[in-house]
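Got chain A; can you put chain B on it based on the hints?
There are 2 protein chains.
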Amino acid sequence: MEIQILLYDRMTALDAIGPYECLSRLDDAIIKMVGSTKGEIRTDTGFLGLTVDHSVNDVGPCDIILLPGGDSRAAMADEEIKSWIIRQHETTRFTTSVCTGSLILAAAGVIPNGKIASHWGAEKIIPKFGLSYSGERITQNGKIITAAGVSAGIDMGLWLCEALSDREMAQAIGLGLEYNPQPPHPYRDDDKLREIAIKKVT
Amino acid sequence: MEIQILLYDRMTALDAIGPYECLSRLDDAIIKMVGSTKGEIRTDTGFLGLTVDHSVNDVGPCDIILLPGGDSRAAMADEEIKSWIIRQHETTRFTTSVCTGSLILAAAGVIPNGKIASHWGAEKIIPKFGLSYSGERITQNGKIITAAGVSAGIDMGLWLCEALSDREMAQAIGLGLEYNPQPPHPYRDDDKLREIAIKKVT
Numbered sequence: 001m002e003i004q005i006l007l008y009d010r011m012t013a014l015d016a017i018g019p020y021e022c023l024s025r026l027d028d029a030i031i032k033m034v035g036s037t038k039g040e041i042r043t044d045t046g047f048l049g050l051t052v053d054h055s056v057n058d059v060g061p062c063d064i065i066l067l068p069g070g071d072s073r074a075a076m077a078d079e080e081i082k083s084w085i086i087r088q089h090e091t092t093r094f095t096t097s098v099c100t101g102s103l104i105l106a107a108a109g110v111i112p113n114g115k116i117a118s119h120w121g122a123e124k125i126i127p128k129f130g131l132s133y134s135g136e137r138i139t140q141n142g143k144i145i146t147a148a149g150v151s152a153g154i155d156m157g158l159w160l161c162e163a164l165s166d167r168e169m170a171q172a173i174g175l176g177l178e179y180n181p182q183p184p185h186p187y188r189d190d191d192k193l194r195e196i197a198i199k200k201v202t
Numbered sequence: 001m002e003i004q005i006l007l008y009d010r011m012t013a014l015d016a017i018g019p020y021e022c023l024s025r026l027d028d029a030i031i032k033m034v035g036s037t038k039g040e041i042r043t044d045t046g047f048l049g050l051t052v053d054h055s056v057n058d059v060g061p062c063d064i065i066l067l068p069g070g071d072s073r074a075a076m077a078d079e080e081i082k083s084w085i086i087r088q089h090e091t092t093r094f095t096t097s098v099c100t101g102s103l104i105l106a107a108a109g110v111i112p113n114g115k116i117a118s119h120w121g122a123e124k125i126i127p128k129f130g131l132s133y134s135g136e137r138i139t140q141n142g143k144i145i146t147a148a149g150v151s152a153g154i155d156m157g158l159w160l161c162e163a164l165s166d167r168e169m170a171q172a173i174g175l176g177l178e179y180n181p182q183p184p185h186p187y188r189d190d191d192k193l194r195e196i197a198i199k200k201v202t
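Going down the list, the sequences are from chains A and B. In terms of my numbering, the first sequence has 193 at position 193, counting the first letter as 1, and numbering is strictly consecutive. In terms of my numbering, the second sequence has 72 at position 72, counting the first letter as 1, and numbering is strictly consecutive.
Just to be clear, a hint being listed does not mean it is correct.
Treat identical chains as interchangeable: a pair holds within one or across any two.
Capping the alpha-carbon separation at 30 Å, the derived lysine-lysine pairs in DSBU-like fashion look like this [said to hold, decoys possible]: (1) K124 with K143; (2) K199 with K32; (3) K124 with K32; (4) K200 with K38; (5) K82 with K32; (6) K38 with K124.
Hints were generated in silico from the structure; no laboratory data involved.
With the rest of the complex left out, here is chain A:
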């Protein structure tokens, strides 16, 4: 089973690394980090470099593609990335995204209609693609699976592990990752906090 994860400049690292860490532990998984050109990309903070091992032009068909979010504007406008998405989507088992990665899928035109998950900050942009914001952690729209912002990629990663294997294997992978979250403070979502948070999101 081959999973291709797109890496691009100014992406958010955890969007890709969360599901990578889950999916890479499936027994038969091969993960390929793909991008416009082979070599290093720098994430949105500028503090981290990730390696693109394969050009999107050089990879064959695969079972899953995964689009991380971040500052996805350049990726949305990139014709080679768009061609890769359209080509792969024809034969994937699941076409997936985390955070604003769903906007890259939408811009490529592979989501005909319905709801998608994304970062809450993208709620007002999504209708421009003729789609609606689900507000859900994980949204299934046919074989397109979209997750909410950043950390939601871990939940989606384990969801995919269960869909591709079985619940026990997904739980074993969750146990290996000790995914028994204990956030150190309550989750808070209000206008004041969104204003602070949005300045930190590209």
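Then chain B, alone, in the frame of chain A:
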């Protein structure tokens, strides 16, 4: 505020990327990815390359060091890494680890006694260092903060954000990351599942 995160061959990516994603959103944070030599390291799965931007020999003092886990045996035996830990720990505000990264701290001798958190798979190794396994998500032992396995680094990252700033800022960062976990299945921890999981952990 400068945070130095160690990257090394065969580390587990999420151990570092979870807290990186939290801490990098603090207003005044500078994060440096450090390692034995500058350039690419490959993570434990072989599927991902991360960039070491600074040699541990070339960096000045900093506020926080963070040690990720994974196959940490080579890092535990590396004299340059050990010197970096000992040198930095003299003046850090927090000396931190995720997963078996706590074994690297223990091997460097900076934890004189008491409890540390780690991956559950390391429970029997920890007493060899004269320390005990806490079994907690996050354990504070003086200024040494250790987290449980892999995904626990996100909880620790937000804990550190609160300690370094305040609860509202940490909650804003959590909101930006949409860290409101909704695991797709119940967390399960028993002998059968540990046997499956341990084969996937290096």
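Quick rundown of the hints versus the structure:
no. : hint           : in the structure
1   : K124 with K143 : within (24 Å within a copy, 43 Å between copies)
2   : K199 with K32  : between (32 Å within a copy, 22 Å between copies)
3   : K124 with K32  : neither (32 Å within a copy, 35 Å between copies)
4   : K200 with K38  : both (28 Å within a copy, 28 Å between copies)
5   : K82 with K32   : within (17 Å within a copy, 33 Å between copies)
6   : K38 with K124  : neither (34 Å within a copy, 42 Å between copies)
The structure fails hints 3 and 6 (numbered hints given earlier, in ascending order).
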